[in-house]
Amino acid sequence: MAPIVAVENLRKTYRYVRRKPGLSGLFRRDIRSIEAVDGIAFTIAEGERVAIIGPNGAGKSTTLKMLCGILEPSAGAARVLGLVPWQQRRALAYRIGVVFGQRSQLWAELPARDSFALLRRIYDVEPATFARRQALLVERFGLGPLLDQPVQRLSLGQRMRCEIVASLLHGPALLFLDEPTIGLDITAKAAIRDFIREHAGAEGQTVVLTSHDTRDIELVCDRVIVINAGRIVVDQPTDQLRRQFLGHRLVTLRSAAPRIELALPGVVRRASEPHLSVFEVDTRATRVDAVVQAALALGGIEDITIEDPPMEEVVRAIYGANDPH
Amino acid sequence: MPSTVPTIRTEPRLAGALAAALSAFALGLRRNLVNWPVLMGRCLFYLVVMTIISALWDAVAAQHLPGTMAALLPPGGLTLYAGATEWITLSVASIHLRLEDDIRFGALEPQLLRPKPYLLQKIAEALGDTAARLVGIAAAALLALALSGRIAPPPIAFVYVAVLGVLGAAIGVLLLTLVGLCAFWLRRVLPPYLIMQKAMFIFGGLFAPIGYYPPWLYHAALATPFAANLFLAGNQAIAPSAASFGAGLLLQFAWIAVLSCLIALVWRAALRKILREGL
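Chains as they are written, first to last, in the numbering used here: chain A, 1 to 325; chain B, 1 to 279.
These aren't lab readings, by the way, just hints derived from the structure by calculation.
There may be inaccurate statements among the hints.
Stated by the list, open to error - Computed spacing ranges between beta-carbons, pair by pair: (1) B/Ile202 <-> A/Ile182: 30 to 36 Å; (2) A/Ile182 <-> B/Leu14: 37 to 43 Å; (3) B/Ile202 <-> A/Ala108: 34 to 40 Å; (4) A/Arg28 <-> B/Pro215: 48 to 54 Å; (5) B/Arg104 <-> A/Leu26: 54 to 60 Å; (6) B/Ile195 <-> A/Thr13: 32 to 38 Å; (7) A/Ala2 <-> B/Asp101: 36 to 42 Å; (8) A/Arg29 <-> B/Leu14: 41 to 47 Å; (9) A/Lys20 <-> B/Arg104: 34 to 40 Å; (10) A/Glu8 <-> B/Arg104: 31 to 37 Å; (11) A/Pro21 <-> B/Pro191: 49 to 55 Å; (12) A/Gly320 <-> B/Leu265: 49 to 55 Å; (13) B/Ile156 <-> A/Val17: 55 to 61 Å.
Yeah, the Cβ is synthetic: ideal placement off N, Cα and C, and Gly gets one too.
Please take these sequences and the hints and turn them into a complete structure.
See the structure below:
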């Protein structure tokens, strides 16, 4: 099956003018360039949920804009749903949904229902199809009581749910989400992640997400592409990335004894409470099953939890390893 | 809900764009109905402005100044003229500010990701806003005229003013669209807006008809879109005639065509710029 997104050696160079100081600056211009995206290549298959992450200025937003068709690359090729985005922007618009977390696509003074009705016209959706989709999405995203309130009176979380519904009303095959949980509180973030995961899962929808929040990546995406300084430094399934990149796991032991000691190579005690001991295990030095066996041999173990380290640590480690400074 | 094969109505591209523009027009109208206190405030402001202007012209008329331009004024001075030009000025939606916001704060990007032309949608929405204001302020103006006891112009003058006023307001929206598009290069629209405002004042005849200017200046002013924006409608309030109405109508349609072409050219240049450089 052809990939939904295929990117080959994509580059984007921004040029800017730097004026020289003093009077000579009036006549002499220094043209400089920045490689925002420097020859990236990847494919995304139908139904995949992919996170594109990276530090500020890494090139992820530039990549997303090129994939949507609102920025032309300096070199390279890309096809999204079989179309060249920057040449067939309007045709592509019918088949993609886009949510920019910091930019609203709704009319603030009017109820979301009015914005949805205009979007039906903009995307040429048949009235019956639109009514069916709107009803389904409103139910799935719990928007019923909010539809007739002016958007400017909604909370940020409620507005973001409306934004996502607005981006789905025309039935896009591919959903681009740029920082969809930015500025939201913990509950609203969790709700948005649940909605995206459940909806994309139910519809088999392909999702491309950028975010600085590692929980978005963990809970929504099954693959991570890490971009740094315009290049792809990691492209792996989320679980594999976590395990491979850090090479350690967390083992939590609940015990009858207030404190447990494990003298194994690569096993380090983390902040623990009485009867609850947390160990960080370097799996290159000691396997997790060896740690569990050693713990059980001590006796009095009531519960064992084995966890991957938080994604935040993974990302911090990746950025650190690829920091040119 | 099929996600991979979206249902797309296969109607002609132009018809689809116009249908979407019509919906945007309706949305602009509806926004004013929802925000009716703002519209009421605008009408009230119009009445305050007209109270001051009419008091000024009543005072001028009371002076009986033979040999001056005041002697040439119609009964009631230029109150009716200013009533028409202020009606248009206060009705034109501030599309330039909306364009500036979209460009400066990045809201343009998600809107470019829609299959219908962004600028057509924005202009249609602004025309919807303007239409609601034209109706609201016209109602306030007619009520004030009836209550003031002033001599009303002949009924046909109302028709002429209404038609040329609506088209004049549309020209105003197009002029402000050009101002708004300057934000692609200048980031801020205030400097070009101030220039345009002064041009409206001078060449559009906001307070005094350009017919009182020396002939060379009158012809120069008449050849600008600002006169088509304000003077042509205002003049019908004090000197209605079928001939000047017909000529004004032609002039307004010509300016609408010219400004539309100019906007399309500027928009194409702006779009090339953002596709190459980003916002």
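Quick one: are A/Ala2 and B/Asp101 within 36 to 42 Å, going by C-beta?
holds, 40 Å
The hint says 32 to 38 Å between B/Ile195 and A/Thr13; measuring C-beta to C-beta, is that right?
holds, 36 Å
At the C-beta level, are A/Arg29 and B/Leu14 separated by a distance inside 41 to 47 Å?
holds, 43 Å
Given a hinted range of 37 to 43 Å, is it respected by the beta-carbon distance of A/Ile182 and B/Leu14?
Hint holds: Cβ distance 38 Å, inside 37 to 43 Å.
Taking 49 to 55 Å as the hint, is the beta-carbon distance of A/Pro21 and B/Pro191 inside that range?
Because 26 Å falls outside the window, the suggested range is violated.
Is 34 to 40 Å right for how far apart the beta carbons of B/Ile202 and A/Ala108 are?
holds, 36 Å
Please check whether A/Lys20 and B/Arg104 have a Cβ separation lying inside 34 to 40 Å.
violated, 27 Å
Can you tell me whether the CB distance of A/Arg28 to B/Pro215 sits inside 48 to 54 Å?
holds, 50 Å
Lying within 55 to 61 Å: is that true of the beta-carbon distance B/Ile156 to A/Val17?
holds, 59 Å
C-beta pair B/Arg104, A/Leu26: status relative to the range 54 to 60 Å that was hinted:
violated, 26 Å
So the hint says 31 to 37 Å: do the beta-carbon atoms of A/Glu8 and B/Arg104 match that?
holds, 34 Å
C-beta pair A/Gly320, B/Leu265: status relative to the range 49 to 55 Å that was hinted:
holds, 50 Å
Of the numbered hints stated above, those contradicted by the structure are hints 1, 5, 9 and 11, listed in ascending order.
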